[in-house]
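Colleague: Spelled out, the chains give:
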Amino acid sequence: MKAYGIILFFLTGLILVSCKKLDEMNIDPNGIDPSIANPSQLLTTVITRSGTTVTELGFGQISGVMQQTQEDGWSGGYNDFGWQSSSHDGTWKSLYQNLSDSKEMMRKANEANNDFFRAASLIMTAYNFGHIADFWGDAPYSEALRNDDGIMNPKYDAQFNIYKGILDDLEQANALLSKAPGSYNTINNGQDVLYSGDITKWRRFANSLSIRYNLRLSAKDQSFARDNITRILGAPDKYPLITAAADEAAFAYTGNNPSSSWPTNIVGNTDLSSEYHRRKMCSTLVEEMRKHNDPRLGVWANKVETPLHLDESKPENYDNIEDVVFNIEGVSATIKCRVIGKGVADAYVQKYGVPVNYNLDYIGMPPNWTKLSLFAYNISPATYQGRPNPHCSMLNSMYQLALAPQLKSRMLSAAEVHFDLAEIALKGWGGNAKMEYENAIRTSLESWGLTSNYTMYLVQPGVPFDNTLEQIITQKWIASWSATCEAWFDWRRTGFPNFKTVGVGAKRDVIPVRLYYPANEETANADKLRQALPNLEETMYSQQEPDNATYPVMKRNSAWAKMWLLQGTGKPW
Amino acid sequence: MKITAFVILISIMQVSANVPAQKVTINKTNVPLKVILDEIRKQSGYDFIFDANLFKHLEPVTVNLKEVTVENALDNCLKDQPLTYTIDDKFVIIKAKNTTYSRVTVKDISVTGKVVDENNKAIPGVIVKIQDAQTAAVTGSDGTYHIVVPGENKVLVFSFLGYQQQSVVVGNSAVIDVVLKEQYNKLNEVVVTALGIKREEKSLGYSVGKIDGKDLVRVPQENVLNGITGKVSGVTINQTGPTGSSVSMVIRGGTSLAGDNQPLFVIDGVPVSSTLNNVVQVGSGNPVDYGNAISDLNPEDIESMTILKGPSAAALYGSRAGAGVVVITTKSGKKNQGFRVDLSTNTVFDIPYKFYEKQNLFAPGTRPITPDDVLPGTVLDLPANVTTGMGIPLDKGYYATQWRRPEYANDPLVPTPVVGHPDNFKNFVNTGLTSTNSISLSNGNEQMNYRVGVTNMTNQGIIPGTDLNRNNFTAAGQFRSGKNFTFSTNINYTQSWANNRPAGNRGTNVLQYVIQMPNNIDIREFEKYWVPGKEGQEVVRLYDGADNPYFLAHEVKNAFRRDRVYGNIKAEYQILPKLSAMVRMSMDNFFERQETKIPQGYSGEPNNGAYGLGNTTNYERNTDFLIKWNDQIKGFTYTISAGGNEMYTKATDISNSSIPGRGLISANVFTINNIAPQNLLFSSAWSQKAIQSLYAFANLGWKDRVFLDLTARNDWSSTLPKNNRSYFYPSASLSLLLDKMVDLGPKVSQVKLRGGVAQVGNDTSPYQLLSTYDALDPWGTATRYAKSGTMRVPNLKPEQETSVEFGTDLGFFQNRLTFEGTFFNVNNRNQIVQNQPIPSSSGYSSTNLNMGLVQSRGWEFTVGGTPIKSDNWNWTLNINMTRTRVTLKELAPGITRLPIWNEASAGSASWVNVGEQIGNIYSPQMVRVTDPTSPYYGYPILDANGHWTSISREVANHKTGNFNPDFIMGANSLLSYKNFSLNLTLDWRFGGQFFSDTERRLRNNGVSKRAYEKEAIDAGGRTGKALSDWLKANSGLFTSDDVIRFVGGPTQGMGGYHAADGIAWDGSFAPGVIPQRDASGKITGYIEHLGEGAETKWGIFRQYDTSWNFPQVSILPADFVKLREASLTYNLPKKLLEKIRVKGMSISVFTRNIMLWTKAKVNIDPERAYVTTTEGDGRRGIQMRQGMEEFNIEPWVMPVGAKLNVTF
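Line order of the protein sequences matches chains A and B. Using my numbering, the letters of the first sequence correspond one by one to residues 5 to 577. Using my numbering, the letters of the second sequence correspond one by one to residues 15 to 1222.
Take the hints with a grain of salt, since some may be wrong.
Stated by the list, open to error - Derived contacts from chain A toward chain B, CB cut-off under 10 Å, selection only: (1) P38; (2) F164; (3) L430; (4) E549.
Stated by the list, open to error - Just so you have them, the derived chain A footprint on chain B, three or more residues with Cβ under 8 Å: (5) 431–438; (6) 801–807; (7) 905–912; (8) 969–977.
No lab work stands behind these hints, which were simulated from the structure alone. Just so we're clear, the structure is a prediction, and the values are computed from it rather than from any experiment. For glycine and all other residues, C-beta sits at the position ideal for the given N, C-alpha and C.
Please work from the sequences and hints to get the whole structure.
Modeller: Next comes the structure, spelled out in structure tokens:
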């Protein structure tokens, strides 16, 4: 009977063990319970991720497309528009993730009945949806972000409806922020990395975005844009705008971990083929700025390490680094140069079909000039992709840091608003074009720490206002450094700056006008995407997309197909 | 550790040397005779066998003996007793004197009898022979015989083909009936099935695989799973990397979309999960596979292994049994076996003999230039930082300025001969060495038995600097208390550790740099990897930023140590003769610590190196009970059981390391304190889960010919929502023995039909029901929380796997020929898929949801036979074949595709579309003329620059391979002659493909031998119209799908053209057509690009570059044949062993895993088509990308091993 007792003892033990509650066991000890979080902890996420998503492109691939920079290694997607649907999967995903976080912030704001976070959510939602419409055209909007309601495959909304929706949101945000600034509960101003809880600045941001998107629509639906713009400009008290550099929507990278570090930093990477090293200045921007003696060039780029110097008195194959004395504006200067004979220069020209550049200060790579050996540009001794080139301007050394005062995500600048106002004035919708043009240049210089250079710059050749849209947009393009997405959108709608040089490396003869719908949608939301694709207008360039025997409509998903915004405008090509 | 093993060996020898003392000394007064005999036993080492009743009425005795032999001692003390003795082997048998017969003179005895089999069927033709005599008789048709035996104590030997020989001592009886047992009757073997229940195989309605422990250790393997390869049908084993890497075991095709399809291992009742997910990465590009848990098991400790292939067999193990169960029974002491010591030692040398081969015609460089191609007087230069391409021809007597030649010269501009070094790979690797020593002690009697064992394994890898070590300690014991109570326990402790495990993938993977070493440089120049005078600071490199393979091998250290304890305690009580109860508690607990040290000198960690420390623990406890009732009524036998189980598991993980690339504060200080706070990567997580279960089952049998099994189980899981938490699943299986019902004649030994249907439910991992916020890295001081990108479904349902199987087991000619065949179909539906990508526009980029129906369907065949069987010769042969197809039948609405893996930089991906088979590999599709009526049908459509164009693989859904084989076949042969036996195991995988990223990268680098041999079309130097006509006539060379070939070659002699820039004769171009378009861009016609027009002839290296986007050229056939095992064993004869007092001894030489043939012929092992990664993309948490290989190119080896087994 003793054994019976032992068995009973075991069975009792088993039952005791089982009493542990199965429910309690499945409470996640590792994640953060949403109910204990507050909306300010989401706000930082939404601001920083929205800003960095756009900056990654604006300082990256689109900067290549907009001929401000070029890359000399693995450059197909950068210089040559070698995109496909998988290229911008990440951008699409990030923008919708930001929207999802923004929506969650709205939920928490409603829970707390907090107008500040409601408004911030509306503004950030507009910012992200704006970019989605800008990059792709039609996109999921009204049914987007509603998986919790059972909509896993959202339909695509017309591009115009998205713009209209975000303009409504911005109007509502402005209204929500119109109470006395001190009456808002911002919870923790340190979380607001954009404005530290300054209500007025958020209001300026909302209205400046309105200006941006109305202007975007101006070529397509002139009366809609004009009515909105004149309403905003007609009530400056009700609709304050970003007009000073101190108010612009920009935040600095903090560099305290990889995700808060400037994208081209080389902290932890001395590989000479890093993003920083393979990225070079583009000749289009360099030459435009050299024309005007633009002081910003020195902030953005490094001078060439070793200028080339042609000495025809030397033997044909002469090639040596030595000091050369130059007479620069009457002053004698000794500069260490690579001195070459004529034969060396001729051999290079014959092989690559571009001239040797002997500038002593800044030199940019020509845009998409060849697919072969870009790293050999300007007789570079580099023998591998993406290495430093002593005969071409690298980006300013600060761009290899994780953080620096000027390393900011620039979401919307005062200069942009002033350029917009100049353009609006030029359209005759009110305002003073010259004044706004000059304010734009002034605030841009201020923004880059060059306030004192303003007077000097304004008298440089080609800078004084000549009353043309081309000049406004060209200056706006220069000012868009590190935020070139906006320049791309301006170029699309105006054709300015008039980029002519498109080298042999480019996938098509012209610059693309949109991003490909992402692979994620092609596979996971194929039915809804195929319904939207016919809304894209085929062009002779989009026709060159490979024929897809299974789904012919997929061919329309081209970077050279025109979205609604460009259809019938004759722009940019 | 080798010294330790040696010491143990010596001490055992001494123990056994003490045993066989020949002389005994006894000095006892008035003691029972038993005491005297016991004394003789102790001194002599002989074991005594007797009936205790014999001693019952004997008087005490007095014995005085000094230094006498055993025989003398026995004679002396038995002389006045009614007892006598015989000595047989080492046993002294005491028996009663039979005075009646002992004094009778020898007389003939007439013996008759009948010989029957176990079914009481008469066996005609049995030879009945008198031992050591010439007389014999044969049984008649009724099985009877008659033989005259000359006197008693003679032995009759009964023998018949296919039956076990039997000997009977002829006493004074005249009738001796004998039941002969079948010799080769595997169908009647007892197998260990679910819950450790032993069953006769004939009663099972489903197919099981079983392996005897001795078949697992005949050829030693570090991971016990490797010993299964080729031996069991329906099972696919893949060793994913070098020794110590995870070994994948998949039974009947993987049907789970959520997991890695590894079976559940149950070791003596202790469930042990073994996943492929033990890849840890510290630093950049340093993913290391620390091996799966099952590698902790010591093959020497295994008594038997049963593979329960489908849910039918595994239904009782519950949720985790969906991928099959491997039931492992370890060795234990045997009842009444006596004290026994087993020693085993073996050593294997892995001699590398076949290597991935590169082209050895050109040094690196963009163009294959010769001195004739450059300006006279120019010195050819081969810059050290140019490591790719086809440059100056090797071994042609050309001179160039090169890296470090002449050796250590200060002036690098001295030109030296450009010479190839094709043996770099060979010169780099070592001969691997694995040594295993084990000892076990066991004993057993009526009351208790035990076994304790120790095993040590050490391995030095083929890659210099790598190692692996393991110590196993095991103790098992069983104790009986009273008549009905049994208490048993089994405790195992394993230490596994290594000072340096090799990394996979790209980064610190040594093989990457070995194979990419420019072939004009002798790799041995890097062997002394510190710059003289700067030891520990500066590494000898090809150029700044290049890595030194010797440095990586010896200095980048990925160490680990895993301590694992598992075991159980079990109590059994036979309450009534027909009723028994069992209670058991088992536990598996491991603690693993990984430590990575990367010193300054690795290009990926330029900031003083990197350091990281990770701790993982896992605890699982199972408590179960089982109550069993068995009985029989008339012809029926039945067993009804009911039981329950509670499983509780808890896992913790803590890791601290430097952020990849960000490095340490100072070099060579390996502690977390040496990581600056902003560069510290840290995490911690823990999780727990419980499943409670109740189950019942019945085994019914009718007259030993019909067997029916029924099971039912209900689980309650903590991971599912309350309403769906409870799930029930039943199974039924039937076995019919036709041979017992119908007389099928003497040639047919067995005909069994079987069939079963079963379900298994499954839950999910913990915490899948509700979303939490993710904490992102802070922005400065601001906190950042984000909504999870993964949608959680709060009402998840349990998974449901339903399997059906039918089969037959046949035996002929006394089962000398056997056949097993099984058809199975598994439907796995309602799976809980985690991280399924969904449109991110929906607000989530992935979701967890119930979906899918995956069907695995296949055949398994096993043919076994004993073609030769005689006194001296015995040959058994066993061939098995498996064919499995796993198809995705359904997914959720709106979801049509399920990703498996996606290797962005490799351009290939694996996913599965509804209706397709799992394992497909996809690549971009080349755009070709698709109109069959066009004269250019199939021609590539080129862009304006004459380059190939493509549609993305996602949109084109362009399948270019499948990593699953069409079928696999294994063959085992065991041939024995007297004391020699020769064992062979072969493994053939037919069909399937794998993607070699090694081949793709080296091809793109211009150094792949295969690429220049197979991809360039040599048009024989034709030009102009002759060329285009020739190409049109031979358009098959470039028009079929996935053939991406260009026209040209590296030199004029190899089909090259004068390149456009006139530098060298390596010009080449893509044959195809360029579309003509109208103003709107529509194609109106084609311009030929076939060498007649304005084709730009690019250097050949450029062609490899432009085809980078077509990875299908590196998708290779995966077919191979391997010699898995070969061993020759010699068992030393008993007579010899007796002299040295050893019970058994065998010596064997063996080899293993020799690649005999591959279809791909690139010297890459298709079995190793796995990439280790820490990203669990696609199917979450699967860290082994199957079907792709990335510098997983250890050379093929020729192992040579020897093994010695001794039993005392």
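Colleague: Against this structure, judge whether each hint is valid.
Modeller: Results for each hint:
1. P38: holds, 6 Å
2. F164: violated, 18 Å
3. L430: This interface hint is violated because 34 Å lies over the 10 Å limit.
4. E549: Cβ of E549/A sits 9 Å from chain B, so the hint holds.
5. 431–438: Since three or more residues must qualify, the claim that chain A covers the stretch 431–438 of chain B is violated, with 0 doing so at under 8 Å.
6. 801–807: Since 4 is at least three, the answer is holds.
7. 905–912: holds (count 4)
8. 969–977: holds (count 3)
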